[in-house]
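**Q** The task is simple: from the sequences and hints, build the whole structure.
Chains A and B, in that order, are what the protein sequence lines are. The opening position of the first sequence corresponds to residue -19 in our numbering, with each subsequent residue numbered one higher. The opening position of the second sequence corresponds to residue 44 in our numbering, with each subsequent residue numbered one higher.
These are calculated hints, taken from the structure and not from any lab test. Possibly wrong hints are sitting among the right ones.
Below, a list of computed lysine-lysine pairs in the DSBU-like style, where the Cα atoms sit at most 30 Å apart [stated by the list, open to error]:
(1) K56(B) with K67(B)
(2) K80(B) with K283(B)
(3) K(-15)(A) with K80(B)
(4) K80(B) with K282(B)
(5) K24(A) with K(-18)(A)
(6) K80(B) with K66(B)
(7) K67(B) with K52(B)
(8) K67(B) with K(-15)(A)
(9) K377(B) with K282(B)
(10) K56(B) with K(-18)(A)
(11) K67(B) with K80(B)
(12) K(-15)(A) with K24(A)
(13) K52(B) with K66(B)
(14) K66(B) with K56(B)
(15) K67(B) with K(-18)(A)
(16) K66(B) with K(-18)(A)
(17) K66(B) with K(-15)(A)
(18) K23(A) with K(-15)(A)
Derived CB-CB ranges, DEER-like [said to hold, decoys possible]:
(19) S34(A) with L408(B): 19 to 27 Å
(20) I367(B) with A35(A): 43 to 51 Å
(21) I(-10)(A) with R51(B): 25 to 33 Å
So, partial list: chain B residues that the calculated Cβ filter (under 7 Å) puts toward chain A [as the list claims (entries may be wrong)]:
(22) P87
(23) I88
(24) Y289
(25) G297
(26) T301
(27) L305
(28) A308
Since the structure is predicted, the reported quantities are computational estimates derived from the model, not experimental observations. Each residue gets a CB set at the ideal place from its N, CA and C atoms; glycine is no exception.
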Amino acid sequence: MKLQKVMACIFIIFLLNIANAAPVNTEQPQQSFDLQQQHELRKKLGIIVVIYLSAQGIIWSLWFLRLNRLVLKRYDRYDIPNFPKSKKDLPNVSND
Amino acid sequence: MTYEDPSRKLFEKAQKEQEYLEKKWAGQQRSVWLFLKNQWLHAPIPRNVNWLWSMGSALFILLVILLFSGVILSLWYVADQNLAFPSVLTISHQVNFGWLFRSAHIHGSGLIFTALWLHIGRSIYYGSFKPPRDMVWYLGAGIFILIFITSYLGQILNWSAQGLYAYGVFSDSLHQIPFVGDLLHQLVLGVQYGASPRLSHLYALHAIFAFLIFWLVGFHIIFIHISGSNNPLGVALPKKDHTRLYPWAFSRDGILVTFSLLLLAIFVFLFPEFAQSPANWLDASVKVPVMDYSNPWYFAAFVSMMEAAPNPRWGAASILYLFIALFFMPMIDKSPTRSAVFRPLYRILCMLLFIHVGILWLAALPVDLIHEGVRFWLIRQAWIVIWLFFPFVAIISRLESRQDLPSSIEMYRRQYFQKKRRP
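**A** If you want it as structure tokens, here you go:
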């Protein structure tokens, strides 16, 4: 819960930060701006966000894999005793 | 005799009222939570649904991102012929994190189209468009058409050389519509008042359609919760074959949402210029040779369809045909069996369609992998397949023989294993 509050505060500061910018410059819009600096910031932020989202994805996947196993265990063999799970489990039945 | 203070009584009454209101408020909060719990987290989900069923959650999150970034962009964008392009440059270069929101808006729409093709393909293959989910399908088809129009309008709004080119195509296409073309041209672009209102008209439409899409998505979700999710077998499964959305399906949704956010982050932060035309960074007054224009990658399949058609009129007609045919899919396909799992002929048709839509997608990417002539005949073939898919579905859905459908997942597995046991 604490983490969520901290994240919310960071988000609000981020939003306030967006509002802070120069007015629309019709004549020479590219004057006071450093492209190189923006690219560097973008790359650094990108690496942080990609690592964070990958970690998040791994956590979700681990949770899903665990749940998937449990759900399959709980549902898959109900009311049929020894229900075959694969071809190998099938009994040998002769056709004659 | 004790003296009773009348103000004390009033105070107690006010206190009781306050307590009552607080309890009521708490009850309302509780009921909202209960509503979410019952309708969302405890919604019954068939336990055999696969990964494609999580695409809807990813689409919803992407749509929220698009709406949010769109609202932020609208704080800075000026819908005027002389100020539109400078305001876009200001957003990209001077507004704090403006580049982030602009990039997220552009690549978010690209990802939405990718996810939409998969979402629609899944509905066609597993027959999710048939009753009782036909209303969900009609709403979804309407949303697809609106998203197409909205993203096209968005491409024009930056009023760069590329935007002007897209505007020209849009304006010409409106003129080409028989009978009502000129009227529509005047109504949509406001050209009878001179050239200036056209950008503000398009901007207003872009914003209105965005909120309309959100509204329709709300109904889309409500209707799917009323009729319940379809499943790969396409049969109404018994209660024992259902599980709650939380946690199993929820965790799978989480994986797909995170994966789509990851893709978005990779495009936004590491490859912001992916499949973007350089004409996006030139003012509308700059003359650019026609070869340098390229449509955004989310229109890839539509661009290839236009290219494969014998002339632009046929190209526009084929896109219109695709939208209309998709909309009327529940009426075209009359087979009572939903899933393609039990319809061999329909399965082949679906596979042909998916492969050829994939070809259309890949053919529009700016990479020369194969000979130009071969590429052209591949997209021409794909174009023909798209035209023929719907009539063929109409015919085979009325002719094909029906298979016995299982009543539950267990029965399906029994049938499957019994078939395998036969020599």
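**Q** For each hint, tell me whether it holds in the structure or not.
**A** Status of each hint after checking the structure:
1. About 16 Å separates the Cα atoms of K56(B) and K67(B), which keeps this hinted pair within 30 Å; it holds.
2. Taking the CA atoms of K80(B) and K283(B), the gap is near 20 Å; set against the 30 Å cutoff, the hint holds.
3. A hinted pair counts as satisfied when its Cα atoms are at most 30 Å apart, and K(-15)(A) with K80(B) qualifies at roughly 23 Å.
4. Restraint check for K80(B) and K282(B): the C-alpha separation of about 19 Å stays at or below 30 Å, so the hint holds.
5. A threshold of 30 Å between alpha carbons decides the hint, and for K24(A) with K(-18)(A) the separation of about 26 Å falls inside it, so the pair holds.
6. With a CA separation close to 20 Å, the supplied pair K80(B) and K66(B) stays within the 30 Å bound.
7. For the suggested pair K67(B) and K52(B), the alpha carbons sit about 22 Å apart, so the restraint of at most 30 Å is met.
8. With a C-alpha separation of about 26 Å, the suggested pairing of K67(B) with K(-15)(A) holds against the 30 Å cut-off.
9. Under the criterion of a C-alpha separation no larger than 30 Å, the hint pairing K377(B) with K282(B) is consistent with the structure, at around 27 Å.
10. Our distance criterion of 30 Å between C-alpha atoms is broken by K56(B) and K(-18)(A), whose separation comes to about 38 Å.
11. Between the alpha carbons of K67(B) and K80(B) the distance comes to roughly 19 Å, so the proposed pair stays at or under 30 Å and holds.
12. Restraint check: the Cα-Cα separation between K(-15)(A) and K24(A) comes to about 25 Å, which is no more than 30 Å; the hinted pair holds.
13. Restraint check for K52(B) and K66(B): satisfied, since their Cα atoms lie roughly 21 Å apart, inside the 30 Å limit.
14. Proximity of K66(B) to K56(B) is assessed by CA-CA distance (about 15 Å); at most 30 Å being required, the pair is judged to hold.
15. Straight-line distance between C-alpha atoms of K67(B) and K(-18)(A) comes to about 28 Å, which keeps the hinted pair within the 30 Å bound.
16. Between the alpha carbons of K66(B) and K(-18)(A) the distance comes to roughly 26 Å, so the proposed pair stays at or under 30 Å and holds.
17. The suggested pairing of K66(B) with K(-15)(A) holds, with an alpha-carbon distance near 25 Å, which does not exceed 30 Å.
18. Simply put, K23(A) and K(-15)(A) have alpha-carbon atoms about 27 Å apart, close enough for the 30 Å limit, and the pair holds.
19. Between S34(A) and L408(B) the Cβ separation comes to about 25 Å, which falls inside the hinted range of 19 to 27 Å.
20. Between I367(B) and A35(A) the CB atoms are about 45 Å apart, so this pair conforms to the stated range of 43 to 51 Å.
21. The hinted range of 25 to 33 Å is not satisfied by I(-10)(A) and R51(B), whose Cβ atoms lie roughly 48 Å apart.
22. Interface restraint check: P87(B) against chain A, minimum CB-CB distance 13 Å, threshold 7 Å, status violated.
23. Using the Cβ-Cβ criterion of 7 Å, the hint placing I88(B) at the interface with chain A is not satisfied: the shortest such distance is roughly 11 Å.
24. The interface hint given for Y289(B) is broken, as the beta carbon of that residue sits about 10 Å from the closest beta carbon of chain A, more than 7 Å.
25. The restraint placing G297(B) at the interface with chain A holds, with a minimum CB-CB distance near 4 Å, inside the 7 Å limit.
26. Among the interface hints, the one on T301(B) holds; its C-beta lies about 4 Å from the nearest C-beta in chain A, closer than the 7 Å criterion.
27. Satisfaction of the interface hint for L305(B) is found here, the shortest Cβ-Cβ separation to chain A being roughly 4 Å, below the 7 Å cut-off.
28. Of the supplied interface hints, the one on A308(B) holds, with its beta-carbon coming within about 5 Å of a beta-carbon of chain A, less than 7 Å.
Hint check: violations occur at hints 10, 21, 22, 23 and 24; the rest are consistent with the structure.
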